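J.: Chains as they are written, first to last, in this note's numbering: chain A, 1 to 307; chain B, 1001 to 1544; chain C, 2001 to 2318; chain D, 3001 to 3522.
Misleading hints may appear alongside valid ones.
[Unchecked claim] To be clear about the criterion: a stretch of chain B counts as covered by chain A if any three or more of its residues have a C-beta under 8 Å from a C-beta of chain A, and this derived list gives those stretches:
#	segment
1	1365 to 1374
2	1383 to 1396
[To be verified] Calculated cross-link-like contacts (lysine-lysine; reagent style BS3-like; alpha-carbon spacing at most 27 Å):
#	chain 1	residue 1	chain 2	residue 2
3	B	K1375	A	K38
4	B	K1237	A	K38
5	B	K1375	A	K34
6	B	K1040	B	K1008
7	B	K1463	B	K1442
8	B	K1091	B	K1040
9	A	K205	B	K1344
10	B	K1395	B	K1375
11	A	K205	B	K1442
12	B	K1085	C	K2225
13	B	K1375	A	K205
14	B	K1091	C	K2232
15	B	K1375	A	K37
16	C	K2225	B	K1091
17	A	K205	B	K1286
18	B	K1463	B	K1259
19	B	K1115	C	K2232
20	B	K1115	C	K2225
To be clear, the hints were calculated from the coordinates, so they are not data collected in a lab. In this text the structure is predicted, and so the values were computed from the model without any measurement. Ideal Cβ placement from N, Cα and C applies to all residues, glycine included.
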Amino acid sequence: MGFLTGLFWFVVVIAGCMAAGWLFRTIAIAVTPKGVKKELRTAPLTASFGMLMIIIYIFVAIFAPLIAPFPERMVVGPEYMPWDQVHLLGTDNLGRDMLSRLIFGARNTVGIAFATTALAFLIGSILGLLAATVGGWLDQVLSRAVDVLMAIPALIFSLLLLTIFGTSVITLILVIAVIDSTRVFRLARSVALNIVVMDYIEAAKLRGEGLWRLITREILPNAMAPLVAEFGLRFCFVFLAISALSFLGLGLQPPMADWGSMVKENATLIAFGDITPLLPAVAIALLTVSVNFVVDWQLHRASGLKE
Amino acid sequence: MTEQNNGKPVLLTMKGLRIEGRSDETWSEIVHGIDLTLHKGEVLGLIGESGAGKSTVGLAAMGFTRDGCRISGGEIVFDGIDLMKASEATKRDLRGKRIAYVAQSAAASFNPAHKLMDQYCEAPVQHGVMGRNEAESDAVDLYRRMQLPEPDVIGFRYPHQVSGGQLQRAMTAMAMACRPDLIIFDEPTTALDVTTQIEVLAAIRNIVEQFDTAAIYITHDLAVVAQMADRIKVLLKGDEVEEADTRSMLSAPKEDYTKSLWAVRSHARAEQPPVAADKTPVVSVKNITAGYGAVDVLMNVNFDIHERRTVAVVGESGSGKSTTARVITGLLPPRQGEILFDGKVLPPDYRRRTRDQLRQAQMIYQMADTALNPKLRIRELIGRPAQMYLGLQGKALTDRIRNLLDLIELEPDDYIDRLPAELSGGQKQRIGIARALAAEPKFIICDEVTSALDQLVAEGILKLLDKLQTEFDLAYMFITHDLATVKAIADEVVVMKEGRVVEQGPKSEMFQPPHDPYTELLLSSVPEMDPDWLTDLLRERESG
Amino acid sequence: MSHIWSMIAKRLALGLLTLFIVSLLIFGATELLPGDFAEEFLGQAATPETVAAIRRELGLDLPMHTRYIEWLTGVLQGDFGNSLSNRRPVIELISTRLGNTLFLALYAAAIAVPLSLMLGILAALFRNSFFDRFSNASALTSISFPEFFVAYILIFWLAGRGGMFPSMASFRGDPSMAEMLYRTFLPALTLTLVVTAHMMRMTRAAIINLLASPYIEMARLKGMKPMRVIVKHALPNALAPIINVIALNLAYLITGVVVVEVVFVFPGLGQLMVDSVAARDMPVVQAVALIFAAAYVLLNLTADVLATLSNPRLVHRR
Amino acid sequence: MMKTSLLSGGVSRRGVLKGASAIGGAALIGPMGARMASAQPTRGGTLRVAQAHGSTTDSMDPGSWENDFTILQAHTRNNYLTEIAPDGSIVPELAESWEASSDAATWTLTIRSGVQFHSGHILTAEDVVASLRHHMGEDSTSAAAPIVAPITDMRVDGMNVVFTLASGNADFPFVLSDYHLPILPSTDGAIDPMTMDGCGPYKIEELEFGVGATYSRHDGYWKSDAAYFDAVEQIVIHDAAARQNALISGEVDYIDSADLNTVHLLQRAPGVVVLSVAGNQHYGLPMDTRAAPFSDNNIRMALKYAIDRQQLVDTILNGYGAVGNDHPIGSGQLYYNTELEQKAYDPDRARYYLAQAGVDSLDVDIHLADAAFAGAVDAGVLYSETAAAAGINLNVVREPNDGYWSNVWMQLPFCGTYWGGRPTQDLMFSTAYADGAPWNETYWSHERFNELLLAARAELNEDLRRDMYFEMQQICSDEGGALIPMFAAYVGAHSDALMHGEQVASNWRNDGHRIAERWWFA
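Please put together the full structure from these sequences, using the hints given.
T.: The following block contains the structure:
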């Protein structure tokens, strides 16, 4: 019986999401200019749902102070209050309003994750493309260096670095970005290797184009698709990295609300069947899934596979 | 039609076949009601340019459509089975067993991960026609009939270990595996050199005859289809133009379009006066020896290219003609020898050459698809050289771009902001030309520029190049394997084989005997419109 | 084949270089960490005298490079030295934990790899179907939960009072294989959930990439069943990227599981590494770091070799 | 027999557990103080203890012991010369009895005879001397070196050992109960610090640092009314949730520290008993009284009034503790100043003191890590909230747990700390508040305070002594550098099948770390 009700709600939720996605797509198609329309028509429901979610997240992140019922760090009552009208999602381990923390968490988490990933891709892809284009010793040096960095377990490496340089948001972003960039480097390089053999690159070289232009105008645009796909996953791994670090006692500076740390702070509750810690976790999961739905859709378009 | 095939029963009929293709989310018809009847043991030639829908129709005969296509109307009946109504399972059971397919590029259509034999045996074993061992011995027999070298062992090689021509024959053998009633040949020889093409054509023809298999032979090459087909159906943009038996079709085409196809080979470049002996050539290749790694692929190659002249470098794949181009452009510095430009030695490595030297020698590539950056708009594609070399900016640049588009006969307003993907093959090639012109060079290397194009389109390109040459006093080096093209455009010809120049001289001499034996072979291998040509040639070669 | 051997040799040489640089990096980093072994060891009880005494005794007062070279020469003679804190030989300290770590990694891999391959293939077969999207979504969900959280949830469901599995994976003495598999089931399951998504998505993507290629069309035109087309024709050509991802994830299973170790009280290398870093116990830190690096290097090498072997073009040159 | 207050010195200042704390002050000398039991103990069963601390880098060397795991191991495997009873009094263990010279500078201990080690070795006076000598000398790497430093000579006389001290110390028996000083078997005058042997209630079967240990009962154990379990198992579980899960799912019988965040939920779990022992353990936020702005007492007072102590006790300790009054003396202690006004959260007064200091607002960083005390960072966050209302902008800087004690504590001007407390006022003050004391974490130097400290130590008149200690607490509270908001109880939990005596020792966790010897299964 419990299973059946579970199944029922599961179906309801799925249906709800799809409906939302469909609604969003129809509206979007109605309001957007022609070029975008054409794009949107090709979006499957999952992707539309993903886009809807991402938009909502961005909205929440931007207008957090306006939406949140209470300030980020204010203690509004005893710890672990149950859900009620005032505190829709109860309070956390210090008696701060859970909902408000979640909302501000969107701002910090998404912000930091985005900054980190963007930085990682800046470093990783530029170096990767450079290595592939120039080749020779430069490629060798960079690749070996990346091998070395990747041979050191990421978590432990960041543990070391953060202990050395302290745990300000900036260092956190830098450290995770640098470690992530190695993964990006490998991808960017391998993608670029397939591009540099193309005739139009040869033509550009024969034309006497400079390295910078070669990379930015000729190679990068053609390497975008796989990089974007990777971006989707990397983006989400940053949350996990942060929460893993706060599990080991180095996370964001309190009282900043970020989902990763929020899961950690309230995690012990799950042992007693209290789902409070699920909330930030679900927030992360939902974003991950949404982002990747959109990415998958774009990839599918790029792959040119018509089905 | 039934009367002219001595009462053989009908094998395949199509009535009012309509097929739609999808672009983004919208469906548009690409085949508009084709009728087709094929009798047992009969070979039907489907001919037309790309986009005519020949392959689509051919595949439809198997009840198959590519992803993004769908059959929207008409009927297909194979030996009494209505393929429109038949279940997937039924159709799967037909495919490979009673209807087989031979693809254009065997190299790409053989699975690189499995040995030829495994791929041969797959169909018969899976369809339960015969056991593995039986299939293997049968394969060896067929390989032998297809005149494959070492038929006993070749099956145990991987595709990449076998040459293109042999693969194409192996694939035909594979199609024969279940002794199908019908085989679809989809441009089986297009990717091959002329000399190899002969062997493959011969092999295909006689195996089809031996097993009295019906076939649909799809190609764009009239001369080829003339050798293979009993009847010919001409398609244009998804419509049937006309159908007749081969001889009457060749002798008396009814429709203008068909006639125009026949007319293609008429274009020939006006004879040019001989060049003054004292004149310094634009480019002269001085006994170049070059290669990759340890192996030499070029051995002391010599020839000159003069202003307003076109030198055609002819040879089959692996003859070193493209390598010669790489040496001239400086992508592959030679071991010995040097390249002179206007009498002055060029630095061997393009990185050492001055911007002006780079500007003077431009290149047009065979594959327009890979030669144009798919992410750049035409404005930038052809604007960039002008901007780089001539420092044009803003309005001046735009004007130059439009004027270039005019030169290559593309409507500027319409095309200037398109992406390569939004162009046809021929248009892409024209953009490639425009990009070369934009640098205002003295010398252009054309690497197989027409070989990927339909004849009519190729014709247009050749005419265009011709026109531009006289207009801008250009010197061309024209790399090709197609002697028809040579006839059409060359002033002088250089014949290459295995990295050596076997013969060179003015076109007039080249096409008159006496020939170097290899040139002879090349010339004789070019298919001709005569249906008996292949038969005669083979008989000739056996006797001679 | 010979070229493969030479490649292996070359890669092994490079691997050694990598290991050397890693050891340098780790050593440097550990030196940069605030506080040295003596201070950490005595912690709040530190008095200048005792700290000095310890440094004297362990030769920590020697300059950095001397200590590194000493350590290196030791290693080159196969002697990884003793733990600074409890003076036991590093080898002995590590061996059992290495065993545990490998056991857990293999256990998790044994579940995760076949599972993700299967799911990936099915997803590719029924692409864009509900199954595809659902398995994809749930896989993504499972990786977007922090590891320790997945662990807690599993514990809550499957352990807890009267639960069917123990919440602690630790065992002492030498239990039977079955016993070990039973006790470490939850951590293995946690790790499975963590790594499956990545491999599954790659399998799916790699296969779908090939579906447009002529030889796949050929297979379909030979009347092969969809499943056979995928497994017999697409998969063999998609192996290289898949193997690569599997290798990366295996490396992760060996080197990246400290969090899971903590939650499930599993005595693995990760915990040892973290503790030793905290204690600035250089020989142990170095040894563990080298093991991790070596695991990574070897797995990648294996992956590349397998990828090469899976590609006839690279095995049988013309 | 001389009558004087006895001091004990778990003087080591590190790990989770520090200091010994006796509830009362005065106790009796000599072999007295029988242990009382609530019900008649029964033998049998395996005690499985889960501990929050314990590292793979721990060592067998007594000089290095610092955390729960090693210390519990120490008391399970070893005996000491003296023992602190659950009521906080000092009772004999391996020392049958002791005698001090009138100046308390010479101590004669009579060693119990016939005590058998796990190895079968029989305890000798030489063993005692060797065991202590291990910590002495300038090459000593032992954390206990400062403790035994005053011992200038040890002389063996049959089963007697005569200690000569540099200066009189009436508390010497307490000193000898320090957990660093177990008695180990010696061969030709030296012990092997790495030995697994001991003469305690249980012998080690297997021990893996950072993982756990198993023990079996020592049949030759000399105490008849102790060590009821057949076997003992120590398991290290760092993760709070995992620890509680283990207890709830019945995989362990006892966890030495519960996660205060969820202890109220844990309490509801069937078959689980939460055990809270109030001691002198207190959490503090020391300010460096030499560094600006803390050098100004007004600033210190402002900060003291800007913190909501009750909120901290309720939230951080979840009620398991009491508010502190910025001095280290617990309410249970003999000379606890009952007249001292309890400081409470008062933003206005905080502002007033800011004004006195001539500023209207204040920006300070406080450096915290949960290594300082469980919930330190959260405490900082709450503090910064209340401080804001008082015009103080308190910025919480989270420092890595790793290396906290060497890089933050006593290095940065405003951080976190915790003390197990000391059994006597004198020992507490002289350890952490006296001018120039090694662990004077506030670098506080108060002339009057230091005079009183010396005077009080020598003073034998109870009333005068009380007055002095009252004044010292007053001074400490109003002028000291340490902000001590709360006293934290030791909160553990165990299965209801586990029984213990009426009084559970409060000097350490785990019933003075003698849980294996003192507890039993019902």
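J.: Checking C-beta pairs, does the segment 1365 to 1374 of chain B have three or more residues closer than 8 Å to chain A?
T.: holds (count 7)
J.: Given the proposed pairing of B:K1237 with A:K38, does the C-alpha separation stay at or below 27 Å?
T.: The hint holds at about 26 Å.
J.: Do the alpha carbons of B:K1115 and C:K2225 lie within 27 Å of each other, as the hint requires?
T.: Roughly 20 Å between the alpha carbons, so the hint for B:K1115 and C:K2225 holds.
J.: Hey, B:K1085 versus C:K2225, does the alpha-carbon distance stay inside 27 Å?
T.: It holds: about 19 Å lies between the C-alpha atoms, which stays within 27 Å.
J.: Are the Cα positions of A:K205 and B:K1344 separated by 27 Å at most?
T.: holds (22 Å)
J.: Between the alpha carbons of B:K1463 and B:K1259, is the straight-line distance 27 Å or under?
T.: holds (19 Å)
J.: Between the alpha carbons of B:K1375 and A:K37, is the straight-line distance 27 Å or under?
T.: holds (21 Å)
J.: Straight-line Cα separation of A:K205 and B:K1286 no greater than 27 Å?
T.: holds (24 Å)
J.: Taken at face value, is the distance from the CA of B:K1091 to the CA of C:K2225 at most 27 Å?
T.: Roughly 11 Å separates the two Cα atoms, so the pair holds.
J.: Quick one, are A:K205 and B:K1442 close enough, alpha carbons at most 27 Å?
T.: holds (19 Å)
J.: Decide if the proposed pair is consistent with the structure: B:K1091 and B:K1040, CA atoms, cutoff 27 Å inclusive.
T.: The given pair, whose Cα atoms are some 19 Å apart, holds under the 27 Å limit.
J.: Between B:K1040 and B:K1008, is the straight-line Cα distance small enough, at 27 Å or below?
T.: holds (6 Å)
Checked against the numbered hints above, the structure violates none of them.
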